[in-house]
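There are 2 protein chains.
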Amino acid sequence: MAGTDRSRNTALGGPAFILVEPQLGENIGACARAMLNFGLGDLRLVRPRGGWPSDKAVATSSRATEVLDNVRLHPTTAEAVADLGFVFAATARPRDMVKDDLSPRQAASRLRSLTASGTAAGILFGREAAGLGNDDVALADAVLAIPANPSFSSLNLGQAVLVIAYEWFLAGTTASDREASKATEPLGLATREELVGFFEHLEVELDVGGFLKPPEKRPRMVRNLRNLFHRAGLTGQEVRTLRGVIAALVRRRKV
Amino acid sequence: MAGTDRSRNTALGGPAFILVEPQLGENIGACARAMLNFGLGDLRLVRPRGGWPSDKAVATSSRATEVLDNVRLHPTTAEAVADLGFVFAATARPRDMVKDDLSPRQAASRLRSLTASGTAAGILFGREAAGLGNDDVALADAVLAIPANPSFSSLNLGQAVLVIAYEWFLAGTTASDREASKATEPLGLATREELVGFFEHLEVELDVGGFLKPPEKRPRMVRNLRNLFHRAGLTGQEVRTLRGVIAALVRRRKV
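Line by line, the protein sequences are chains A and B.
Just so it is clear: in the first sequence, position 176 is 176 by the numbering used here, and no numbers are missing.
Just so it is clear: in the second sequence, position 52 is 52 by the numbering used here, and no numbers are missing.
The reader is advised that the hints may include incorrect statements.
Examples of chain B residues lying across from chain A (beta carbon under 7 Å, computed) [claimed, not checked]:
1. Ala34
2. Ser113
3. Leu114
4. Gly118
5. Pro150
6. Leu189
7. Leu195
8. Gly197
9. Glu200
10. His201
11. Val204
12. Glu205
13. Arg231
14. Ala232
15. Leu249
Footprint (simulated), chain B over chain A, 3 or more residues, beta carbon under 8 Å [unchecked claim]:
16. 42 to 56
17. 145 to 159
If you're looking for bench data, these hints aren't it; they were derived computationally from the structure.
We put the CB at the ideal spot given by N, CA and C, even for glycine.
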């Protein structure tokens, strides 16, 4: 299922494209085709509604089997992004969250420099009708919005994937771009797992300290806190430092 | 049928998108949706194989009725481009014809300047399996090729239309649009005073918790912590939240 033994079979690489609860196999197939059109191979699905594998996905993929055969399934969005150091959320709707908001072209440039510096990156795409939920967006470091006609701004899922894949491809067409961007990216961004470990550590201690109250406000408070730390683009070392900070602040509780 | 009561039609414009012998109504609907996503309204069909109108086109258009209701049918490609002053042929395969060969981005820029100067322009797209025939390409002034993975370069028809429509839209994003988008930046960034107050609060509590040791390392540790919070671009509200977090974490020290 995880296709680990096949990942070496192809020269495909690039960021992970993560579809959260896609409804239609046809759209998954269209995404696979669009990704392969632009040399991308890492497609991940979170709880596909029509099950997996999907004959309809095969039908619309136009033989993009290199991508479909290596699809990874994940039970949660958090698990799907666990190994990634930087995550974009593709979203059309404005959010009441303070995050970097990039165009596809800006995001592609960023994705190129991230991968050039060894940071695994990915893009989250929401379900066809509703887009990404706030909890999914909260897992992302930045928001990616495709500029469009304001009175008809909802792109088909495969079309949204295509725009990002196309910009990714164009952003890599000159070697000098890649060289130039290498220097600007901080090395060693924290993995999603390290970040979540830090968040949970902080939230447990805040619960003990009675901060995340009342219960109905807790989800929003947690999301806002996670968002502000996401924005900082923390390195693994910084995450360890912050965990040391928490430990130091609560130290005398225990004695 | 022509949507006479739709005043919004006047807002749609841009080059004509001409599909030559499209096979599948689904693809025509996807093209209409992609066009409307980027404010384009002039869709023309040359001998659609599945007939017209098409229920399948309606189903995949996602209510892009402004475009579908105004589709024009033509018996030949020559007739479909008769009123146009400049025509691109979208093609993946190389041709043994001497014509300008532009990328979508270059073509979009050209299309913008053509229409700005009052020249009606259009883009020809071929049938799904075979692309444009040489006789169709011969009607064009220039060739437009979408750069793609050389070993999997055939885009779905709706996807090819989307790339051109997207580039057209971006090419019209003027400096004033960019100025306007600046207004969406988060308001209420913390003042320097608020930030310093937060830093000092944190550092006092970390000294109490014995974290900022040994003394010779303190300046560097403080600098690193301040840097990571600086990077987040905190709002005033977020600074107040973080001070609440510190207070909650240290609460039990005092009791």
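Consistency of the hints with the structure:
no., hint, verdict
1, Ala34, "holds (6 Å)"
2, Ser113, "violated (20 Å)"
3, Leu114, "violated (21 Å)"
4, Gly118, "violated (23 Å)"
5, Pro150, "violated (9 Å)"
6, Leu189, "violated (9 Å)"
7, Leu195, "violated (13 Å)"
8, Gly197, "violated (17 Å)"
9, Glu200, "violated (15 Å)"
10, His201, "violated (11 Å)"
11, Val204, "violated (11 Å)"
12, Glu205, "holds (6 Å)"
13, Arg231, "holds (5 Å)"
14, Ala232, "holds (4 Å)"
15, Leu249, "holds (4 Å)"
16, 42 to 56, "violated (count 0)"
17, 145 to 159, "holds (count 12)"
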